[in-house]
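Undergrad: Sequence:
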Amino acid sequence: MRSLLHKLAVALVLVLAPVAALRAQESTGLDLSQIQLPAGFLELSDLVIYGGSEGGVSALASTTLMGSSAEVLISMDGGSAGRREWLMAIQPSEWSFGEAIPALALPALEGLTISGVVLVVTNREVTLESASLPDDEYWFYRAAFPFDDFSLTLSPGVNLFGTIPAEGLPAEHPLRVVIDALGIEQGGIFLHGSLGRSLTMLSNPASAGAGAIRDLYLRAELPPMSPPGAPAWFESGQLALELTGAPSMRLVGEINIVMDEQALQFFLAAALARSGISLAGGLSAEGGWQQPFGIQWLTLNEVVLALGITPTGSIQPGFAASMVIGEKDIDVALSVAISPAGVPTSMMISGESEDGFGLSDLVDLQMRMAAARDAAAAASGASASTSATIPVDALPAIDFRSVALQFAPKDAPELGVERGMKIKGEMWLPLGPDGGQTNFAGVDIGVTEDGLWARGNLAAFTAGPLVWEDAEIDLTATRDAQHLIVKGDATLFGARQAVDLTLTRELLSFQSRTDLFDMFTADLRATGAFNLARPDFQVDAVVSADFGDAIGPVVQQGIVAFAAAGADVLATATAASQAAEQALAIPQATVDQLRQVLETQRAVAANAVSVANATAIQRRGAMNSALAARNRALGTYRSTPLLPAAHKAQTLTAYQRAHAAYVSSSIAYNGSMAVLAATQRVYSAIPPVDQNVQLMRADAALAELRAQLRTLQQNLAELENQYALINAAVERGEQVLVIERAEFHGGLQSAMNGDPIRWDIFGEFVGEPFEVHETMDFTNMGEGAAQLLQALIGR
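Under the numbering used here, think of the first position of the sequence shown as 1, with each following residue one higher.
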């Protein structure tokens with residue numbers, strides 16, 4: 001009896017001493033707040049006590065843990081620096097996660113038991129080698145290990161060692177499904193790790209909440225993967241099962257695959273599902289996936305592999321990555337087509353990005369494409385051009401946003417894609433008043449070894465006076481050409497015609513061969529500052545030969561009319577000249593006599609100007625009325641459908657009649673304007689009397705008046721000579737006006753509004769060369785012709 005009591009006392013000391021030591025040493029970090037011994041734990045039997053190393057003591061006994069029999073091993077050493085080191089190992093006959101750790105509520109743990117479980121509670125971090133253990137302890141721990149030689153790696157808290165009998169799991173159990181799908185060898189799966197630093201789960205599992213298992217971590221190394229019917233691209237895989245206090249149960253490890261003769265290694269992690277499995281992980285190689293599928297210019301960063309494995313062993317890879325375009329990363333997905341033999345046959349990259357990239361990023365991508373092509377050519381011995389950056393400094397600051405990207409290195413009918421890179425997105429330009437970027441158009445973008453392009457459509461687009469109803473975008477950047485053009489039919493000078501607007505960083509410009517006022521054509525070049533809201537186009541135009549064809553007959557017939565009516569003008573001029581001659585022939589003519597001659601002739605000339613001006617005003621009104629009627633007839637003709645043809649022909653005939661009436665009235669107006677110009681020239685030829693004559697000495701006043709009369713004679717002589725030349729040319733039926741070149745310059749808006757603008761016209765008039773640099777209005781052909789005729793006659 002004394003011997004039995006002694007054994008119980010020693011056992012009690014061994015069992016409780018660790019608890020006391022723990023309470024005295026909080027530095028271990030073990031949770032002792034609710035520690036209590038499990039029910040029946042002190043009901044020891046088969047107790048064996050023996051001396052340990054370094055003056056310690058150990059004991060082996062049988063006991064009860066959570067209603068099941070268990071073996072317990074307790075040892076305590078003297079330790080160092082007065083700190084006791086101890087461990088308590090428990091080997092329950094039955095153990096399951098659900099009963100022992102209720103807080104681990106995971107589907108994959110339902111009904112999962114572990115055989116050969118050894119729980120080791122200790123206050124130290126130590127590794128015990130099997131070869132150095134006493135026999136009793138060796139065989140105690142050996143029950144947990146599936147091999148003879150082992151290491152017992154311990155950390156402060158509750159450690160667990162055991163085996164998951166996978167072959168005994170039901171076929172529908174999640175872990176069994178995974179093992180079968182991955183082709184993992186059937187048998188026990190050795191599990192080891194820590195249950196954390198809380199002892200509550202040993203004494204009172206029901207109260208072990210999330211806080212008690214927060215440090216839980218168990219790991220089981222699985223045999224190498226060998227999925228049934230593994231495809232040719234699958235090289236190898238090694239996974240481990242991890243259980244954490246999150247709580248979570250997942251698979252981690254690595255997998256090696258071969259894609260297009262390139263070996264890739266990925267680290268993987270996946271949560272365990274009830275059926276099937278999806279593994280996902282990142283590429284282990286630094287620097288990303290270089291030249292995927294042989295694409296030399298492409299590098300994929302942050303590559304993620306998603307590996308789907310079904311219970312039947314079917315494996316399908318999926319990839320996600322970031323594709324570098326210049327200085328931007330675009331998130332993309334890779335679709336890989338696998339042949340029936342398991343060989344990758346083609347691939348396609350697709351991705352989206354709201355932020356997108358700039359034009360310079362595309363240029364950088366294009367240069368890498370070109371460099372790869374040239375390097376391949378050089379390697380094959382073929383001649384290759386030296387890659388150079390495409391210059392885009394002259395283009396506006398262009399961004400592409402809300403981008404969708406697709407790329408395939410070759411045609412892939414099985415993926416439904418064609419070879420090449422396709423990018424769709426929004427083109428943004430600095431159009432705002434503060435230079436901020438504005439969504440300009442949706443475009444399709446192409447990038448190749450030779451350059452890059454963007455094409456798109458604009459619905460309605462306006463730039464100053466230009467209006468496009470359906471415009472297209474053309475961005476081209478190659479080494480030979482760089483431009484951004486808005487092209488389409490725009491309304492220009494009242495007519496629809498093709499206009500290509502070029503946008504540069506500083507300017508807007510376009511060139512056009514344009515119908516002007518439905519009368520003649522011109523080659524226009526318009527430029528304006530880069531401001532689509534208010535471009536302020538300035539236009540320089542060279543008018544075609546049909547300008548002379550339109551203006552010449554009106555001027556010619558106006559001159560003919562002038563020749564018929566010019567006799568009266570010439571008579572006025574001749575009378576004035578003769579009066580001056582008579583006055584100058586009187587040696588003793590007084591100042592008053594000479595003054596009277598000048599003033600009388602000037603008054604006659606002024607009256608002639610008034611009469612000619614009244615006639616011109618009346619004929620201008622008639623011409624403008626005819627022009628309005630002609631324009632109405634033209635509008636009716638243009639808006640009339642082609643069918644019925646007879647009605648269309650009637651409107652054409654009506655327009656032709658109205659146009660002929662307008663030309664006739666323009667000729668009459670030009671004739672009257674020629675007369676007005678001639679009478680104005682006569683009036684101008686007669687100088688006004690110098691008001692200072694009365695203040696001069698008599699001889700000085702006479703000299704001044706005689707000089708003015710001689711000026712009158714000279715000016716009128718020039719007019720008479722010009723009229724004689726005009727009259728002679730008309731009588732001979734010659735063309736009096738030949739226009740060799742005509743240009744106009746000014747604001748485009750003013751020109752389209754019909755405002756007078758500056759014209760430079762060069763040619764011959766009555767056989768004499770001329771240059772006219774005047775502000776004129778040719779929106780009304782008759783008015784412009786009259787202004788030109790006035791300038792020619794009034795010279």
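No wet-lab data here; the hints were simulated from the structure. Where hints are given, some of them may not hold.
[What the hints assert, rightly or not] Once the Cα atoms are required to be at most 30 Å apart in a straight line, the calculated DSS-like pairs of lysine-lysine come out as:
1) 410 / 424
2) 422 / 487
3) 328 / 422
4) 422 / 410
5) 424 / 487
6) 328 / 410
All values reported here derive from a predicted model rather than from experimental measurement.
Undergrad: If you draw a straight line from the CA of residue 328 to the CA of residue 422, is it 30 Å or shorter?
TA: 17 Å, holds
Undergrad: Does residue 424 sit within 30 Å of residue 410, going by the straight-line distance between their CA atoms?
TA: 19 Å, holds
Undergrad: Is it true that the CA of residue 422 sits at most 30 Å from the CA of residue 487?
TA: With a Cα-Cα distance of about 22 Å, the restraint between residue 422 and residue 487 holds, given a limit of 30 Å.
Undergrad: Are residue 328 and residue 410 close enough, with their CA atoms no more than 30 Å apart?
TA: Roughly 25 Å between the alpha carbons, so the hint for residue 328 and residue 410 holds.
Undergrad: For a C-alpha distance cap of 30 Å, please report whether residue 424 and residue 487 respect it.
TA: Status holds; Cα separation ~20 Å.
Undergrad: Just to be careful, I want the Cα atoms of residue 422 and residue 410 compared with a cutoff of 30 Å; is the pair within it?
TA: Holds, at about 13 Å.
Checked against the numbered hints given earlier, the structure satisfies every one of them.
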